[in-house]
Amino acid sequence: MTTDIDWDHPTDPKEGTWQRDHVTLYVGSGGSEGQYWNGTQTLLLTTLGRVSGKPVRTPLIYGEADGGYLVVASKGGDPAHPLWYRNLAEHPAVRIQVGPKIMEGTARTATPEERAAYWPVMVGHWPAYDEYQAKTDREIPIVVIEPAG
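Per the working numbering, the very first residue in the sequence shown carries number 18; after that it's consecutive.
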């Protein structure tokens, strides 16, 4: 897909955070550990920084639909979108790791019709998404990641 990006050397979450520990376990095990976390499933999303243009990796809960992967830009119900989502608006090219599989793809915000269909799917994976939506005025987006090829 995008061959001039150094996807293999992303910036990971801050040292000392659970997110960093999760990414370290996931990557260090080749995806054999870390995909399943706290009763749900996770992937590693690598986006391109909208300012730096450099890869940034984030662990996220995911669902699947129509051959793609779904992630929720909740940021725990914060009034602002998470940085990874803001990156996608500028650079929709992504890399994901789902268990041992690593693939490039394109990310886009779900249409209103897709969001209506996919929201219950994602709440099924992480019921707190309903709580996050209730505590913010912004509509929490669902992102559809379409793998290349």
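Note that these hints are calculated values from the structure, not bench results.
Hints may be right or wrong, so weigh each one.
As the list claims (entries may be wrong) - Restricting the straight-line Cα-Cα distance to at most 25 Å, the calculated cross-link-like pairs of lysine to any residue (SDA-like) are:
| # | residue 1 | residue 2 |
| --- | --- | --- |
| 1 | K152 | K118 |
| 2 | K92 | T41 |
| 3 | K71 | T34 |
| 4 | K71 | R37 |
| 5 | K71 | E131 |
| 6 | K71 | P158 |
| 7 | K31 | V138 |
| 8 | K118 | V138 |
| 9 | K31 | G84 |
| 10 | K71 | G47 |
(message) Given the hinted pair K71 and T34, is their Cα-Cα distance within 25 Å?
(response) At roughly 21 Å apart (the allowed maximum being 25 Å), T34 and K71 satisfy the hint.
(message) Does R37 sit within 25 Å of K71, going by the straight-line distance between their CA atoms?
(response) Since the Cα atoms of K71 and R37 sit roughly 18 Å apart, the hinted pair holds (cutoff 25 Å).
(message) Just to be careful, I want the Cα atoms of K152 and K118 compared with a cutoff of 25 Å; is the pair within it?
(response) violated, 35 Å
(request) Decide if the proposed pair is consistent with the structure: K92 and T41, CA atoms, cutoff 25 Å inclusive. (result) holds, 21 Å
(request) Given the hint that K71 pairs with E131, test it: the Cα-Cα distance must not exceed 25 Å. (result) violated, 30 Å
(message) Given the hinted pair K31 and V138, is their Cα-Cα distance within 25 Å?
(response) violated, 30 Å
(message) Check the hint pairing K31 with G84 against an upper bound of 25 Å on the C-alpha distance.
(response) violated, 32 Å
(request) Mind checking the alpha carbons of K118 and V138 for me, to see if they're no more than 25 Å apart? (result) The hint holds at about 22 Å.
(message) With the threshold set at 25 Å, check whether the alpha-carbon distance from K71 to G47 stays at or below it.
(response) holds, 22 Å
(request) Verify the proposed pairing of K71 with P158, using a straight-line Cα cut of 25 Å. (result) holds, 23 Å
In this structure, the earlier hints numbered 1, 5, 7, 9 are contradicted, and the remaining ones agree with it.
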